[in-house]
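Start from the sequences, fold in the hints, and give me the full structure.
There are 2 protein chains.
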Amino acid sequence: MTDSRPVDSRPHVVILGGGFGGLAAARTLANAPVRITLIDRRNHHLFQPLLYQVGTAGLSAPSIAAPLRHILRKQANVTTLMDEVVGVDTTAQHVHLTQGEIGYDYLIVATGATHAYFGHDDWAPYAPGLKTLDDAFTIRRRVLLAFEHAEREDDPVKRQAWLNFVIVGAGATGVELAGALAEIARHTLPREFRRSDPRKANILLVEAGPRVLPAFDDDLSAKAKKQLERLGVQVRTGEAVSTIDEHGVKLGDQHIASHTVLWAAGVSASPVGAMLGAPTDRAGRVQVEADLSLPGHPNVFVIGDLAAATQANGKPVPGVAPAAKQMGNHVARSVRARVEGQASATPFRYRDDGSLATIGRMAGVAQFGRIKISGMLAWWIWLVAHVYFLIGFRNRLVVLMDWAMAYWTYERSARIVVGKDETAQARTPPGD
Amino acid sequence: MTDSRPVDSRPHVVILGGGFGGLAAARTLANAPVRITLIDRRNHHLFQPLLYQVGTAGLSAPSIAAPLRHILRKQANVTTLMDEVVGVDTTAQHVHLTQGEIGYDYLIVATGATHAYFGHDDWAPYAPGLKTLDDAFTIRRRVLLAFEHAEREDDPVKRQAWLNFVIVGAGATGVELAGALAEIARHTLPREFRRSDPRKANILLVEAGPRVLPAFDDDLSAKAKKQLERLGVQVRTGEAVSTIDEHGVKLGDQHIASHTVLWAAGVSASPVGAMLGAPTDRAGRVQVEADLSLPGHPNVFVIGDLAAATQANGKPVPGVAPAAKQMGNHVARSVRARVEGQASATPFRYRDDGSLATIGRMAGVAQFGRIKISGMLAWWIWLVAHVYFLIGFRNRLVVLMDWAMAYWTYERSARIVVGKDETAQARTPPGD
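First to last, the protein sequences are chains A and B. So the first sequence is numbered by our numbering: it starts at 44 and just counts up by one. So the second sequence is numbered by our numbering: it starts at 44 and just counts up by one.
Hints in this document: simulated from the structure, not taken from any laboratory. Please note that a few of the clues may not be correct.
Note that identical chains are pooled: a pair holds if it fits in a single copy or bridges any two copies.
What the hints assert, rightly or not - SDA-like mimics (lysine to any residue), calculated; alpha carbons at most 20 Å apart, straight line:
| hint | residue 1 | residue 2 |
| --- | --- | --- |
| 1 | Lys269 | Thr157 |
| 2 | Lys201 | Gly143 |
| 3 | Lys243 | Gln203 |
| 4 | Lys358 | Asp261 |
| 5 | Lys243 | Thr141 |
| 6 | Lys117 | Pro241 |
| 7 | Lys117 | Met448 |
| 8 | Lys117 | Tyr453 |
| 9 | Lys117 | Arg70 |
| 10 | Lys463 | Asp177 |
| 11 | Lys201 | Ala428 |
| 12 | Lys201 | Glu144 |
| 13 | Lys358 | Ser398 |
| 14 | Lys201 | Leu140 |
| 15 | Lys201 | Asp126 |
| 16 | Lys201 | Thr141 |
| 17 | Lys463 | Asp126 |
| 18 | Lys463 | Arg84 |
| 19 | Lys201 | Gln142 |
| 20 | Lys358 | Leu440 |
| 21 | Lys463 | Val129 |
Dropping the structure here:
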């Protein structure tokens with residue numbers, strides 16, 4: 044690919060990835076004397092903290108996603124391209140895309156992470172994870188169709204296998220999925236089925252570590268566990284899944300029959316990290332300098348979930364949206380300082396704005412430094428914060444309206460199955 | 044499949060298909076002394092008249108679709124099953140499903156129609172039609188990605204092929220798609236692209252017949268054509284497409300390079316029609332008796348797009364939602380009369396409530412008997428009618444809000460690409 048426009052003498056900043064980090068970097072450079080190319084393999088920015096709501100039929104996809112070029116339409120120094128990175132040459136300073144290559148003066152790599160199965164990629168077809176809208180549609184389809192299959196099944200043992208839901212991993216995503224599934228089974232669906240009883244659904248939340256929501260303090264973890272159990276979720280901590288297949292999961296010696304296993308356990312960094320030729324940690328994240336630059340390449344920055352950065356207290360910077368945004372802002376300011384001839388390479392300092400998690404209806408936990416909140420107040424803080432940070436006026440309004448309707452009616456607005464029923468195979472498993 | 048519940052002595056009415064016809068039949072039987080099983084291969088009722096808005100990124104899927112079992116949750120005599128019909132035995136009176144079989148006393152077949160390529164099934168991958176939500180997502184993806192590909196392409200000839208859109212068939216769906224595409228190209232996208240100009244998009248509407256909107260009178264067809272041309276749509280009537288492939292379409296001797304061809308030209312009846320063993324017409328529709336029953340089977344009815352029914356004036360009953368609803372109501376009343384021991388087999392009479400079509404922004408045509416309306420007033424009538432008939436309070440509100448936002452801002456709320464880019468192949472066509 045060549046650029047046929049008149050030569051532009053401004054330094055060229057290439058940003059890979061339009062998530063929270065990449066988008067923050069682009070916006071912070073709005074009035075800087077640079078030209079920016081933002082490249083993402085998808086056409087949209089995704090508000091990932093609410094993705095579980097799309098997966099559990101509470102929100103429609105357009106409510107939590109907006110086209111990147113629409114978000115950046117008024118920022119004249121940005122060109123948005125939809126393409127995928129296949130290589131990075133940090134010596135020649137260009138990025139290889141599926142269509143041609145593009146040179147850079149500054150490179151900001153913000154391609155994030157995806158879910159990972161810790162060497163068990165064979166589990167992927169049976170235990171979808173939740174990182175993209177496509178993932179969310181897959182989970183929505185599986186969950187809704189499980190209840191449909193239960194309604195068709197006369198054998199009570201086989202029927203229960205359709206009503207057993209296993210969620211692997213009890214971080215924020217796992218906890219939120221479990222809470223939403225419990226609400227669907229107990230409140231949304233019961234009146235609508237004639238042969239099976241959705242209230243017989245078992246929602247099992249499995250965590251290999253000692254407690255749920257490990258990012259929170261012990262006491263809040265304990266409170267979150269109680270709130271989950273009140274919703275009817277079975278929580279099993281300190282137990283690792285050893286097998287996942289079309290029949291269900293194996294947990295220690297116990298086999299749990301289930302056709303709907305959801306994966307919320309592990310992430311690994313985007314493969315673009317490995318293309319940079321720098322040391323990476325076990326999860327594939329790039330070990331960056333204090334200013335988030337690539338070792339030996341002061342004009343290349345790695346931010347967000349792809350960066351293995353360290354806080355002042357020695358702990359790793361967590362893989363959350365506020366951290367990605369802060370990193371994006373930080374490197375954008377460094378780039379700007381440098382092109383304006385000022386000193387730069389200031390170290391990045393993560394500011395912890397607190398943690399929030401929701402647990403079904405009107406429950407949640409929140410932690411801001413030493414302040415800890417649980418229950419209904421935490422849920423309200425969660426709601427206000429998430430609606431506030433949603434991009435675009437219309438999205439906020441639609442999300443609020445959907446939630447208000449869901450609150451009054453228990454109905455979920457997006458209970459639409461599209462795409463192929465990939466569980467059809469599982470109906471008559473071999474030898475069953 | 045067996046039913047393990049206590050034997051129910053009420054006559055069993057099986058309804059195949061949860062579109063406008065099947066749903067109307069189920070609802071009209073709400074208080075009748077029958078038990079009803081409604082079977083659909085999808086979990087939702089779809090408001091098909093607005094499907095083109097999902098395809099052109101104006102509405103999200105949940106805004107025009109609702110789960111069948113949710114719609115019917117309060118009607119205690121209905122069981123909803125999600126399954127597909129594989130055969131019908133009108134002698135033994137049972138329906139074969141992919142999972143088991145189900146007996147009936149009365150059968151109402153309302154499985155509708157799908158798009159058809161008149162013997163050119165090889166055109167299907169290059170010219171998607173618009174009947175299901177999956178179809179709408181495919182069209183949305185192709186349309187949005189065409190502009191993305193144009194932005195990536197430096198060669199002006201190849202770029203224009205991405206900006207040429209061909210819509211085959213100028214019935215209501217074709218006209219509505221063309222109007223929406225013109226609006227997207229001229230108003231929604233221009234500010235957002237830096238290299239290519241979406242306003243250079245050509246929207247070509249091709250119709251083999253002599254005029255657009257053949258369901259309307261000549262003068263309204265002419266007005267619709269003018270309104271389309273004012274929007275920038277090129278209308279070519281009396282010309283048939285002879286080839287569709289990855290390079291574009293052939294129209295007479297002219298080849299039009301295009302990677303985005305949409306099919307709005309033909310429908311053929313659902314394959315369930317052929318399973319009934321009765322005579323069908325060229326489009327596969329079942330030739331029914333005057334009371335919509337299957338010849339020789341007074342307890343089997345065929346309604347909606349699957350039925351080849353005739354009006355009093357000798358014209359066929361059109362394949363539109365109001366006709367399907369009227370047929371559903373009619374056969375439900377016949378069934379009810381019969382189970383209550385009254386005479387039945389009254390002939391169906393179609394009541395023409397008028398026709399409406401919209402043509403982009405604030406334009407349209409409407410015909411109610413001798414009253415003919417075009418322009419802005421027709422558009423308002425169209426809007427009120429469509430929002431009124433949308434199922435569910437929330438959907439109506441969301442649709443109205445989306446349209447109000449779209450009207451003020453020209454933005455479309457569902458510009459999200461999900462799924463695989465199947466046009467990727469077309470980028471480097473063989474020998475190019």
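Which constraints among the numbered hints does this structure fail? Numbers only, ascending. 1, 5, 11, 20
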